[in-house]
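Q: One-letter residues, chain by chain:
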Amino acid sequence: MKRLKLPPWLVLLLPAIIILSAVVLIPLVFSLYSSFTSYRLTRPDSIFNWVGLFNYEKAVTDVKFWAAFGRTVLLLAVALNLEMLLGLGLALMVSKVTSGQRLLRTMMMFPMMFSPILVGFQFKFIFNDNVGLVNNALQSLGITDQAIPWLVDGNLAMFSIIFAEVWTATSVFGILILAGLYAIPRDPLEAAKVDGCTSLQSFRYVTLPFLMPFIYIAMAIRSLDVARAYDIVQIMTNGGPARRTELLWTLIGRTGYVDARMGYANAMGYISIFLAIFFTVYFFKKLTQSRRELGMGA
Amino acid sequence: MANVTLRNVVKKYGVLEVVHSINLEIADSEFVVLVGPSGCGKSTTLRMVAGLEAISGGEVQIGGRVVNDLPPRERNISMVFQNYALYPHMTVRENLGFSLKVAKQAQPVIDDAVDKAAEILSLTPLLDRKPGALSGGQRQRVAMGRAIVRHPEVFLFDEPLSNLDAKLRTQMRVEIKKLHQKLKSTIIYVTHDQVEAMTLADRIVIMRDGHIEQVGTPLEVFENPLNTFVATFIGSPPMNLLDAVVKDGKLAFSDGTLIAMPPGYSQAEGQAVTFGVRADNIMPVGHALPHGEHMAEVEMEVNLTEPLGTETLLFSVLAGKEVQAKMFNPRPVQTGERMTFQIMLDKCHLFDAETGAALKR
Amino acid sequence: MATNMNHRIRRHSLKGLHFFGLFSAMMVLCVPGLWIVLNSFRPTVEIMAKPPVWIPNELNLDHYRAMFGGIGEGGVPVLTYFTNSLIISVTSTVIAILIGMAGGYAFARYKFKFKGGVFVALMVTRAVPGVALSLPLFIIFARVGIIDTHLGMVMAYVALNVPFTIWLIDGFFRQVPPELAEAAEIDGCTRWQAFWRVEFPVARSGIASAGIFAFLTSWNEYALASQLTRSTTSKTMPVGLLDFTSEFTLNWGGMCALAVLMIIPALILTFLVQKHLIAGLTFGGVKG
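Chain order of the listed sequences is C, L and W. FYI, in this note's numbering the residues of the first sequence are 814 to 1111. FYI, in this note's numbering the residues of the second sequence are 176 to 536. FYI, in this note's numbering the residues of the third sequence are 2 to 289.
Extracted from the complex, chain C is given alone in its bound form (with noise of 0.2 angstroms):
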């Protein structure tokens, strides 16, 4: 009898696979099966209760969710945009500095170590409209002499939310960014300035498509965890004012808990799941994909 042999890269991966089929794949599968159920928190013989896909159903024709789909989408959008941007520039501005480099690097690093959470609070109070800092400052400064709402009225809320998403974390994408640009290797840059190249040119056609897989390195680790914004925004307005800021989580989050809607919250979840999903494999790949243009292996 021989015994039956596992392959040694398996046995070594098994108990991330165990951990995570545990604490992810099973409550997901769980979370599938009961968003085809009317399961509700309050009455757990709902679970039962085979509704087909009716809550699909409900979601799809949801304006509510539409709604919040939609500022979900723009959230991420403008956020992830506006972080690579500003992490550009930012690393850009660092680079160029002669002295003083680790101190700032340091300081980039500042917002990385803030939980979400705080950062949530630390805006609400920034933003505050009454004793927040902006404000404050605004008004000593002489510029506006009365309380601007930032998080009460709807389109400022918006604002304010991106504002704190992007202030923790265009850090990451400034440290990586900033890795790349100290990873560029020397000939190449000075090839092109042989060339003929004006500084504008050597950046669009050398140091950006090195910067590339650095860029995607900094987005798939964004995509990873880029509902992290929910604890921000729960904090900041926890969807609100009139809903004007709910965004995908914060409606499964209040769906789910707050109406004890289960079933129905898990499956506007598992459309928030695919996004990510979606996202995730697409930033993964276009890294595979950048990694082998520039030659550095599969």
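It is worth saying that the hints were derived from the structure and are not from the lab. Just so you know, these numbers come straight off a predicted model, no measurement behind them. Accuracy of the hints is not assured; some may be wrong.
[Said to hold, decoys possible] Using C-beta positions, here's what the derived DEER-type ranges look like:
| id | chain 1 | residue 1 | chain 2 | residue 2 | range |
| --- | --- | --- | --- | --- | --- |
| 1 | L | P300 | C | K1098 | 35 to 43 angstroms |
| 2 | C | I831 | L | T407 | 23 to 31 angstroms |
| 3 | C | Q1102 | L | E269 | 21 to 29 angstroms |
[Stated by the list, open to error] Computed list of lysine to aspartate or glutamate pairs in EDC-like fashion (alpha-carbon distance at most 20 angstroms, straight line):
| id | chain 1 | residue 1 | chain 2 | residue 2 |
| --- | --- | --- | --- | --- |
| 4 | L | K357 | L | D377 |
| 5 | W | K51 | C | D958 |
| 6 | L | K422 | L | D521 |
| 7 | W | K112 | L | D287 |
| 8 | L | K305 | L | E269 |
| 9 | L | K305 | W | E180 |
| 10 | L | K276 | L | D244 |
| 11 | L | K359 | L | D340 |
| 12 | L | K496 | L | E468 |
| 13 | L | K359 | L | D203 |
| 14 | C | K818 | L | E192 |
| 15 | L | K352 | L | E294 |
| 16 | L | K535 | L | E398 |
| 17 | L | K357 | L | E328 |
| 18 | L | K535 | L | D377 |
| 19 | W | K112 | L | E228 |
| 20 | L | K357 | L | D287 |
| 21 | W | K51 | C | D942 |
For every residue, glycine included, the Cβ atom is placed at its ideal position computed from N, Cα and C.
Following the hints, put chains L and W in place on chain C, whose structure we already have.
A: Positioned in the frame of chain C, the structure of chains L and W alone reads:
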């Protein structure tokens, strides 16, 4: 010390066979060099002897003991890697003593062995440094020191000198040879550099595409290559090869040139052959070395010269193919100059035009 | 001459612009945090003052005293939360590192079919939004009976951290040439010894930084913790922050003090490992 035997050794990766049934006898305290172009399977063969690659078929014996399924640590071998593979977190002393420490030797024994090895390789002043603080040549010596510390039965070298600059490489080559003479150990050495192979080996094993092409002493493989591959791989510059047909006891080239046959190939009449001659054996009249009795003459135009000091390499064209010749006691040569060359037929070779195998004399 | 002059002027103005840009960027990055720290030392009256008090009249440790005293400031049991956070974060980090080391090693050293696919699949588990995961996890944990326990939180955080730990550690092991382990095997080590005596020590600092990253993730996590913890037996500090809010008021000063307590360990640890962290992420990612 021990002999090493490879019997029908095969290496497969899935369906891809990279080493095809290799047979090799290596005697006790022999210095054998496996040489060949990259991808020829020489490193894979070495790693199978080391136990770092599983053996897909056949048998490897060390000291008469089949070691196919033994892990490296039970084969009593040591190995020097191309990138040295020094442990970066240990000092030179710890690197050298690591194998003995793993074998749970007493500390005084380890110290003694390390000191001795350091002495041999003049590493004593570097013992407390970390590999990061050493130069390339010093790292190389530490890697060798690590190999000799525990007196293995067989030393394996995997392209140990390829990361050194030319000067250091020559120097280390001499050191390795001295080391072999001192330790009298069995050595299997892998390289892609034929000069290293020629200078170091007791016997050379020339490999290509997972096959052994020829085994022999350096002089044997240089003077009697078994095929055109070996002929061009061993020796620098590579042997000139020209296609010809044997007609009426003469070699007829495609452009009509006729030269006399090298002696001893009388049975090749009518056959399509490849004529092989080393640059050392084509010399301009008046700048030749003493030579044998058989000789042919051709006139060629010199297209390019490479003065090397004691001799000058001349590049010409014969029968549509580039030919390199050597001019001894050189004088300045203008490109475009036409010169008469003597070909030393005793040192020339004929190969089968199709298979490339050497024809029997 | 003129063009030379122009170039010089341009260079000087660019330099000024560069300095200005850098300065304002750093201000924006640092001021919000520093403001929180400052406010944790100011009396509530001054924080809420209208018109604002810019130059603090008085700095004191009242909020910290109240926080650790567990009385006054709404009786928030900060020390309990701190201990919970510490136990949960440290335990989950240690386990995640062990699992991550095994997984990272598998990716760095072995070739197997669908390797890229398996890798992305593992990463994707991390992308599941915490709030979407917390719903089913809450139900299952409640059923199994590990809701509001350290064990439940540790499990959740191990799963949360494993994908990223694998990514980082994979990168660090790739930087260790495989020949090192081979040399160790030839020097007489078993595969297991070769790992612990050579590969692990060489990759150690990288693994430590992966650990710190995992620690920070657990330390700062909120979405899962807010649902899986119910009481002082397992509530962590991020959840505890909410204790400072009530229906209509917020105890800003007390909250700032707790925030500082949360940031300090994060601050120290991040500075310790920043270099390794970047190296690990980019190497694992780029040289893939």
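Q: All hints are to be evaluated individually against the structure, with a verdict given for each.
A: To see whether the hints hold, each was checked on the structure:
{"no.": "1", "hint": "L/P300 with C/K1098: 35 to 43 angstroms", "verdict": "violated (54 angstroms)"}
{"no.": "2", "hint": "C/I831 with L/T407: 23 to 31 angstroms", "verdict": "violated (58 angstroms)"}
{"no.": "3", "hint": "C/Q1102 with L/E269: 21 to 29 angstroms", "verdict": "violated (44 angstroms)"}
{"no.": "4", "hint": "L/K357 with L/D377", "verdict": "holds (15 angstroms)"}
{"no.": "5", "hint": "W/K51 with C/D958", "verdict": "holds (12 angstroms)"}
{"no.": "6", "hint": "L/K422 with L/D521", "verdict": "holds (19 angstroms)"}
{"no.": "7", "hint": "W/K112 with L/D287", "verdict": "violated (42 angstroms)"}
{"no.": "8", "hint": "L/K305 with L/E269", "verdict": "holds (9 angstroms)"}
{"no.": "9", "hint": "L/K305 with W/E180", "verdict": "holds (18 angstroms)"}
{"no.": "10", "hint": "L/K276 with L/D244", "verdict": "violated (24 angstroms)"}
{"no.": "11", "hint": "L/K359 with L/D340", "verdict": "violated (27 angstroms)"}
{"no.": "12", "hint": "L/K496 with L/E468", "verdict": "violated (26 angstroms)"}
{"no.": "13", "hint": "L/K359 with L/D203", "verdict": "holds (9 angstroms)"}
{"no.": "14", "hint": "C/K818 with L/E192", "verdict": "violated (24 angstroms)"}
{"no.": "15", "hint": "L/K352 with L/E294", "verdict": "holds (17 angstroms)"}
{"no.": "16", "hint": "L/K535 with L/E398", "verdict": "holds (14 angstroms)"}
{"no.": "17", "hint": "L/K357 with L/E328", "verdict": "holds (14 angstroms)"}
{"no.": "18", "hint": "L/K535 with L/D377", "verdict": "violated (25 angstroms)"}
{"no.": "19", "hint": "W/K112 with L/E228", "verdict": "holds (14 angstroms)"}
{"no.": "20", "hint": "L/K357 with L/D287", "verdict": "holds (18 angstroms)"}
{"no.": "21", "hint": "W/K51 with C/D942", "verdict": "holds (12 angstroms)"}
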